[in-house]
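K.L.:
Residue-level listing of the chains:
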Amino acid sequence: MKNRMKELRTKRGMTQDELARKAGVRRETIVFLEKGKYNPSLRLAHKVAKILKSSIEDVFALR
Amino acid sequence: MKRKGRVAGKARVLVGLAVAIMVITGAVAWAWSISIPVVAVILVLVAVYVIWRKKASMDAGTPMEDELSKRVVQKAAYYAYFASMYTALGVSMFEEQIAAAAGLPALAVSDVAGIVVVVPVLVLFACIFYFQRKGVLDEE
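Protein chains in written order, with this note's numbering: chain A, 142 to 204; chain B, 44 to 183.
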């Protein structure tokens, strides 16, 4: 699965730490998600999309 | 509701920590008693590393465990489970050879129990480190 998390996060001027705190996960999880080394649960994908003010489809997509 | 969840989360962490300390203390004592200090040192270092990571997460205001950390431990435990079965099988099949390699006339029950506990624990730690670096990408 590919994602635009890093692009959308930097566009909003947010750090990985801030995103992690808002999503209620550790910073490593955000790092792994951005690198495409981990596929989030539907719940976390929904949370991240909401924080980045985008839809899940905008943030995550199948390769 | 949220407070109840936090209390349950803290209780789970404390129970997990207590069990981890008991297992590691037992394994270290065993490794030390049969003169394998390297194993004992590895177990202590890993325990310190895990506690340090959890403290760093807590200090950063993020949870000590989340869905990725749970998934990493689940996947590592899957391999450690197989390691425990094959270790038990291997020890029972090659008991005499292991005893000869260790310079012992025969393996005591405590030696066999120690091997069957320590090998999977080491596999578990190795897998956790591996998946923490490589990630857990369950897709074909």
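It is worth saying that the hints were derived from the structure and are not from the lab.
All C-beta atoms, glycine included, are put in the ideal place defined by N, C-alpha and C.
The reader is advised that the hints may include incorrect statements.
What the hints assert, rightly or not - Straight-line C-alpha distance at most 20 Å; calculated DMTMM-like pairs for lysine to aspartate or glutamate:
#1 B:118 - A:158
#2 A:178 - B:102
#3 B:113 - A:199
#4 B:98 - A:199
#5 A:143 - B:181
#6 B:113 - A:198
#7 A:188 - B:154
#8 A:163 - B:181
#9 B:98 - A:175
#10 A:152 - B:109
#11 A:143 - B:108
#12 B:113 - B:154
To be verified - According to the in silico footprint, chain A covers these stretches of chain B (three or more CB under 8 Å from chain A):
#13 123–133
#14 166–180
K.L.:
Need the list of violated hint numbers for this structure, in ascending order.
P.N.:
Numbers 1, 2, 3, 4, 6, 7, 8, 9, 10, 11, 12, 13, in rising order.
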